[in-house]
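Work the whole structure out from these sequences, hints included.
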Amino acid sequence: MNIPGKLKSLFSSTLYPLPSTQRPGQALVEVVIATLIAAMTTMSVFSVVLSATVSQKKADKREAATLVLKQAQETLKSYVSADPLNTDITPCSDPNKPGSPVGPSGIGRWYYDTSGTWALSAGVHTITNMLAIPPNPVGFPLTGGSLSYTVSNYNCGFGATDYMACKIVVFTLTYPD
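1 is the number of the first residue of the sequence shown in this note's numbering; add one for each residue after it.
For the record, the hints were derived by calculation from the structure and aren't laboratory data.
Hints may be right or wrong, so weigh each one.
Straight line, CA to CA, 25 Å or less: simulated DSS-like cross-link-like pairs of lysine-lysine [as the list claims (entries may be wrong)]:
hint: 1; residue 1: Lys70; residue 2: Lys58
hint: 2; residue 1: Lys167; residue 2: Lys77
hint: 3; residue 1: Lys70; residue 2: Lys57
hint: 4; residue 1: Lys167; residue 2: Lys70
Simulated restraints, written as ranges between beta carbons of each label pair [stated by the list, open to error]:
hint: 5; residue 1: Leu36; residue 2: Thr128; range: 48 to 58 Å
hint: 6; residue 1: Gly157; residue 2: Asp60; range: 38 to 48 Å
hint: 7; residue 1: Thr66; residue 2: Ile168; range: 14 to 24 Å
hint: 8; residue 1: Leu69; residue 2: Thr41; range: 37 to 47 Å
hint: 9; residue 1: Thr128; residue 2: Gly159; range: 27 to 37 Å
hint: 10; residue 1: Met43; residue 2: Ile168; range: 48 to 58 Å
Ideal Cβ positions, reconstructed from N, Cα and C, are used throughout, including at glycine.
This is the structure in structure tokens:
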């Protein structure tokens, strides 16, 4: 460092001597500061990568839960549109055809419904077993969650019996984060 004579005496003292121009290298303070800057930069990059990974996992679970819920809605739609008294509309001989509230035990029941009743009968129906299958593009089950739906009847002009009343269906889906 080239400092004129008078200024040199201002900057130099016995406690803080000027660095020698003959010694190559860095001062300890410069090395410590550079190391701290590198460490903070590395930590911030890893923090961004980690939070992006966690956010993606949550988004995958949310997408899988949405797909399971839509699949359940579509299945219940088939129970609404089927005519249980007309056997000609059933393309196969499956005794558990959708929408069939009459007949022997098991007819009109949904495989995943644990209530043991017709899929559209009034009350709470638990279909948590649907979460154990991976019907989603991410390919993993939503273990630890619960899925149920509640059917309420109301008279819309066709009668108030369980099979003739109009239905209101409310789904309840919880899944772990």
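Consistency of the hints with the structure:
1. Lys70 - Lys58: Status holds; Cα separation ~18 Å.
2. Lys167 - Lys77: Distance ~11 Å between Lys167 and Lys77 Cα, so the pair holds.
3. Lys70 - Lys57: holds (20 Å)
4. Lys167 - Lys70: holds (18 Å)
5. Leu36 - Thr128: 48 to 58 Å: Holds, since Leu36 and Thr128 (Cβ atoms, about 51 Å apart) stay within the stated range.
6. Gly157 - Asp60: 38 to 48 Å: holds (44 Å)
7. Thr66 - Ile168: 14 to 24 Å: Once the Cβ atoms are compared, 21 Å apart, the range 14 to 24 Å for Ile168 and Thr66 holds.
8. Leu69 - Thr41: 37 to 47 Å: holds (43 Å)
9. Thr128 - Gly159: 27 to 37 Å: Holds, since Thr128 and Gly159 (Cβ atoms, about 32 Å apart) stay within the stated range.
10. Met43 - Ile168: 48 to 58 Å: holds (52 Å)
When each numbered hint is compared with the structure, no violation occurs for any of them.
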